[in-house]
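Chains as they are written, first to last, in the numbering used here: chain A, 1 to 323; chain B, 1001 to 1292.
Please keep in mind that the hints were generated in silico from the structure rather than gathered at the bench. Virtual Cβ for every residue (Gly too), placed ideally from N, Cα, C. A portion of the hints provided could be inaccurate.
Distance condition first, Cα-Cα at most 30 Å in a straight line; then the derived DSSO-like pairs of lysine-lysine [what the hints assert, rightly or not]:
{"hint": "1", "chain 1": "A", "residue 1": "Lys87", "chain 2": "A", "residue 2": "Lys199"}
{"hint": "2", "chain 1": "A", "residue 1": "Lys310", "chain 2": "A", "residue 2": "Lys117"}
{"hint": "3", "chain 1": "A", "residue 1": "Lys87", "chain 2": "A", "residue 2": "Lys310"}
{"hint": "4", "chain 1": "A", "residue 1": "Lys199", "chain 2": "B", "residue 2": "Lys1285"}
{"hint": "5", "chain 1": "A", "residue 1": "Lys310", "chain 2": "A", "residue 2": "Lys199"}
{"hint": "6", "chain 1": "A", "residue 1": "Lys117", "chain 2": "B", "residue 2": "Lys1167"}
Chain B stretches covered by chain A per the calculated footprint, using a threshold of three residues with CB under 8 Å from any CB of chain A [unchecked claim]:
{"hint": "7", "region": "1088–1099"}
{"hint": "8", "region": "1114–1122"}
{"hint": "9", "region": "1234–1245"}
{"hint": "10", "region": "1264–1270"}
Here are some, though not all, of the chain B residues that point toward chain A, as calculated from beta-carbon distances under 10 Å [unchecked claim]:
{"hint": "11", "residue": "Ala1108"}
{"hint": "12", "residue": "Ser1131"}
{"hint": "13", "residue": "Val1274"}
{"hint": "14", "residue": "Gly1286"}
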Amino acid sequence: MMAMLSHTHRSDSRKLQMKLNLIAFAAMAGLLVIAPFAIYPLLVVQILCFALFACAFNLLMGFTGLLSFGHAMFYGWSAYIAGHVSKEYGATPELALLFGMATGAMLGLIVGALAIKRQGIYLAMITLAFAQMMFFLAVQMHAITGGEDGLQGIPRNRLFGLIDIDSTGRVYWFALGVFLLAFLAMWRIKRSPFGENLKAIRENEPRAISLGCNTARYKLAAFVLSAAFSGLAGSLKAISLQLATLTDVGWQISGEVILMTLVGGVGTIFGPVIGAVVVVGLEQMLLGFDDWIPVIYGSVFVLCVLFFRKGILGQIQHVFQKD
Amino acid sequence: MDHLSIQLIAGQVLIGIINGSFYALLALGLAIIFGMLNIVNFMQGALYMLGAFMAYIVGEHLGIGYWGALIVCPILVGLFGIVLERVFFRAIYDIDPVYGLLLTFGLAIIIEGIFRIIFGSAGIPYSIPDSLRGGINLGFVFLPYYRGWVVLVSLVVCLGTWLAIEKTPIGARLRAATENPGAVRTFGINVPLMVTCTYGFGVALAGLAGVMAAPIYSVSPQMGTSILIVTFAVVVIGGLGSIVGAIVAGYGLGIIEGLTKVFFPEASSTVVFVAMAIILLLRPKGLFGRMA
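This is chain A alone, in the form it adopts within the complex (with noise of 0.2 Å):
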C-alpha cells in the first residue's frame, strides 16, 4: 500500500516536473522569439550556438557523467567543415549543417572509442590532449581552416537553395528554428529509454553493468551524439556568424562550455542555456576589459566548484524539491 501510494505520488511530481519544463520551454521559445527585438540579433545568435552546444556538452557531462575536456575539437572542427563546403562547394546551409555534424560524430566516434578506454580524470585528460592535436592540425592545414586568418566571410547560401537567409533578421529565424529542433531532440534523447539507460551509467556503473547494460557500447553512443550536436552547434555559429577561427578549436573554449553547463546547472534540461546567458553576459559586461576575462571566468569556476556545485537551475531545483 506504502509502495503504491508512493509510487503514484512519485508519478504525480513526474507529470508535474513536465508540465514545469514544457512551461519553461514555452516561455523560452517565447522570450526568443521577442529577444531579436530587444537585443542586437547576431547577439543572441552567439548565445543561441554556445546554448546549443553547452546543451550537448551536458548530454556527456550532466546525463552520463563523463566529463569531456576537448569539445572544442567537435564545435572548431565542424564550423570549419561547415564553412569549407559553404565557401568552396557552395552548399547549401541545411547541408553545411548536415556535414558539420557528421564531422563532429565521426571524430566523436574516434576519440570517444579510445578516450573510454579510461574513466573519470583520464577521461577529461585525453580528450584534453586529443583536443590540443586537432587543434594543430587546424593551424598546419591552411587548405581547410585558412590557418592563422581563419574563414572569414562564409556565405550564407540560400536554405534548401531556395529560401534566402543572408540577412541579420532572416538569419536570426533559421538561428532559432535550428537551435529549438535540436534542444527538442536532446530532451527527447534524455526522455528515451537509451537516455535512461545513460542515468543508469551515470548513477552507478558497476550496478548497470551487473544488470546486463553493454556501458561501453551505451558511453561510446553518448559521446558520439554529444560530439554530432556539437558539431551542429560548430557549424550553426559558421553559417550565421559568417566566421571560424582558431578561436573556435582552442582549449578556451572546451573550459568555457565546462563552465556554461557548470554555471547553469550539470544534468538540468534548461541549465545549459541559462549558462550560456550568463557567460555571453559576462563578456557583453567586461567589453573593454577583455584581458579580466580570463581572470572572471576563472575566478566563476573556482566559487562553482567550491559552493554552487549545482548551478543555478539546479539550485533552484533543490529548493522547489524540498517543499
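On the provided structure of chain A, position chain B as indicated by the hints.
Relative to chain A, chain B alone:
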C-alpha cells in the same frame, strides 16, 4: 648515413632530451600529487610559468641572479602551492576527483590571466647565467653548457625523488598513505600535513622546471598551458599513478618528438598525441600504470 645527418639527428635528439627533461619534471610533480591527493593538478602549468616569471622578477630585480633564483623560486612556488592547498582544496577532497581538475583549472586561468594583465602576452627575454655560457663540441653534436646543466639537474632531481619515495622511511609512509590513508592515520601519522607537504613538493618541481626553462624558452604567461597539455599526454602514456612511468615517458617522448622533427617535421607537434592514441589502443592503463 653520412656525417651531416648524424649531426642533425644527434642535435634533434639533444633538443628532445632537453624538452623531455621538462616533461619529466612536470609529469613527476603531477604523478606525486595525484598519488597522494587524487587530484590532477591543472595548475602545474601555471606554476611552471610562475617559476619562470619569478626567476625574472627575483633574479633580475632583487639581484640574487640565476643561482639564487634556482634555490629561492621553487621554495616560493611550493609555499604558494601550500597556501592554495590549505585555502581551496579542503572542500573537494571527499567529492568526485573531476571537481579537483575543474577547481585547479579555474585557479590556473586566474593565475595566467593576472600575469597577462601585468606583463602582456609577449615574451620576456631572460639570459643564460654567465657561468654557463658557451658550450662544448662533442664531435657529433655541439652541447651548450646550459642545456647540459638542465638535463643534469632534471635527471638528478628525478632519480633523487624516485629514490626518496622508494627507499627512505618518509617515502614508505608516503606510499602507505597513498594506498590507505585511514590506516596510516591510525598509526599516528599526520596525514593531512603529509598531503600538504606532498602538494608543496609537487608544485615546487614545477617551479624548478620554470626557473630552468626561463633562459631556454621565452617567458610568457601562456607558456604553462601548452606544455601542460603535452604533459597530460605523457602522463597518460606513462600511467598516472607511476613515478617511473612519468620519468621514462617524459624523456622518451621528448626524444621521439626530436626524432620526428628530423624525419617528418610536419608531425612534430602532434606525435606525442598519436603516441598516446597508440598506447590507449595497445595498453590502455599506460606503460607502467595500474588500472584505475
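Each hint tested on the structure:
1. A:Lys87 to A:Lys199: 41 Å, violated
2. A:Lys310 to A:Lys117: Holds, at about 28 Å.
3. A:Lys87 to A:Lys310: With Cα atoms ~42 Å apart, lysine 87 of chain A and lysine 310 of chain A exceed 30 Å; violated.
4. A:Lys199 to B:Lys1285: 26 Å, holds
5. A:Lys310 to A:Lys199: 17 Å, holds
6. A:Lys117 to B:Lys1167: The given pair, whose Cα atoms are some 33 Å apart, is violated under the 30 Å limit.
7. 1088–1099: holds (count 8)
8. 1114–1122: holds (count 3)
9. 1234–1245: holds (count 3)
10. 1264–1270: holds (count 3)
11. Ala1108: For alanine 1108 of chain B, the interface hint holds, since the closest Cβ of chain A sits about 7 Å away, which is under 10 Å.
12. Ser1131: 37 Å, violated
13. Val1274: 7 Å, holds
14. Gly1286: 9 Å, holds
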